[in-house]
Amino acid sequence: MFKKLLLITIGLFSISASAEGLDTGDTAWMLTSTALVLFMTLPGLALFYAGLVRSKNAVSVLMQCFAIACIASIVWVVYGYSLAFRGDGAFVGDLSAAFLSGIGRDTLSGTIPETVFVMFQMTFAIITPALVVGAFAERMKFSAMCLFTFLWLTMVYLPACHMVWGGGLLAQWGVIDFAGGLVVHLTCGVGALVAALVLGKRKGFPGSAMPPHNRSLVVMGAAMLWVGWFGFNAGSAVAASTDAGMAMLVTHISAAVGAFTWMALEWIKQGKPTVVGIATGMVAGLATITPAAGTVGPEGALLIGLMAGIVCYYATQAIKGVFNIDDSLDVFPVHGVGGMLGIIMLSFVGTQGGFLGSGASGIADGGPLVQLVIQLKGIGVIFLWTAVATWVILKLVGLVTDLRVSEESENEGLDVTEHEERSYDLS
Amino acid sequence: MKLITAIIKPYKLDEVREALSEVGVTGLTITDVKGFGRQKGHTELYRGSEYVVDFLPKTKIEIAVSDENSEAVIEAISKVSNTGKIGDGKVFVSNLEQVMRIRTGELNEDAL
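First to last, the protein sequences are chains A and B.
When we follow the numbering used here, the leftmost residue of the first sequence carries the number 1, and every step to the right adds one.
When we follow the numbering used here, the leftmost residue of the second sequence carries the number 1, and every step to the right adds one.
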């Protein structure tokens, strides 16, 4: 009898021990968020980009996003997660959890299973290189793109992720980047800018028109991004908490205001409100609120959305019009500039209990100006690191294979020449 | 026999088809085409920059008719397609040497 009781007690103890710290509510929300963020890339971003290119290149863009999802997942499991989130190096982690060793079904990360945290962060590692596709769309060789993605994840994304979120240098400085203004949007934006410069312009740029071939796909993809972004930002609370609720609210506000602002600007300046414009403004609003979603309140989100619409609109005109850079689908002016804008603005609109803030803690004790300096240092490090590493990676890839398809292939379209498929067989 | 080729505004197609049925046309072929004339192109917007679309979509209609019907057909097309604005299109008329109905082997007027 006593023996039986002891066994039961031990049994109960071991159950409660393994369940200690696990929060089912948090876990349920993080499982949901993970699915939402993957949905942003496939099909959201893939459709958004496919609609923006010419019909002869639609398959190539879908294919690139899909392949990136696969490559990033493999890298993440083999060494990516470990280098980003294990170890306490300033720039990069260690390989103690390579192949996810030591992470079992009972391992916890905070209040959720570590398996869920691994998956959630994996979807961020997927979307970031997929965003860069917009810069070299319609001209990069598929094989070069695969190699580039693999190296870019390793040399740019993983260090950036570790520096900001994995306890590295920027985390120690106190840089605030709630859901990836630096880790996701600045890295993809600067990566895009350097890729556009190294690969060069598309044939015919800027003289001949290269309009989006299917604006319905653009809107469909953009709408999926909007919904998926709730997982991206509110999921970054890593809890089903008050922070998650506020993050979702401010994310939505900024998206709506960014979209409306871009549309209004276009209406005033060009005479017509366009659907590609309103969708682009939405992405700008979302990218800009991303780093700030953990600290700003609703009024702050209105201001961030407004600034995102205005600043990203003019940045888009400037990159193509003034600087003559063929960042084909405007990744840098929307994501890079939006990310930096959010990183800077959160110093002022995210003060605890103060002007436009949500009441969450985080801003440096010294106040907005002290935080601003920290934020600017963060931008500097990530910008430079990404620019140099991306340039080196492209030169390395260029030693192995051509970065661009042949001129003939570019004329013909990458769908047929790279994949022997067409997006539309209408007969 | 005449081959009448008309380039019209796409949205006028249904009206033209009805008008042609009324004057006894029993068959025609249409193609979606692009081109420009005095209307030239128009501008479209992309993320705040304007670009010119040089070629506008039009519908091409081809009809083979007997000599005596050709006037009525041309009149039917031009009457219905005319909006008085630039870009209404054109009608081309050319002589047609031979027509054959593939199923029966009938030739010329019998094949129309």
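FYI, nobody ran anything at the bench for these hints, they're computed from the structure.
Computed from a predicted model, the values in this text were never measured in an experiment.
Hints may contain errors.
Unchecked claim - Covered stretches of chain A (in silico footprint by chain B; criterion: 3 or more residues with CB under 8 Å from a CB of chain B, positions within the stretch not fixed):
1) 278–289
2) 315–321
Unchecked claim - Partial list, computed: chain B residues near chain A (C-beta under 8 Å):
3) Ser21
4) Tyr46
5) Arg47
6) Gly48
7) Val52
8) Phe55
9) Leu56
10) Asp67
The beta-carbon is built from N, C-alpha and C at its ideal position, and this holds for glycine as well.
Status of the hints after comparison with the structure:
no.	hint	result
1	278–289	violated (count 1)
2	315–321	holds (count 4)
3	Ser21	violated (27 Å)
4	Tyr46	holds (5 Å)
5	Arg47	holds (6 Å)
6	Gly48	holds (5 Å)
7	Val52	holds (7 Å)
8	Phe55	violated (11 Å)
9	Leu56	violated (14 Å)
10	Asp67	violated (35 Å)
When the structure is compared with the earlier hints, violations turn up for hints 1, 3, 8, 9 and 10 and for no others.
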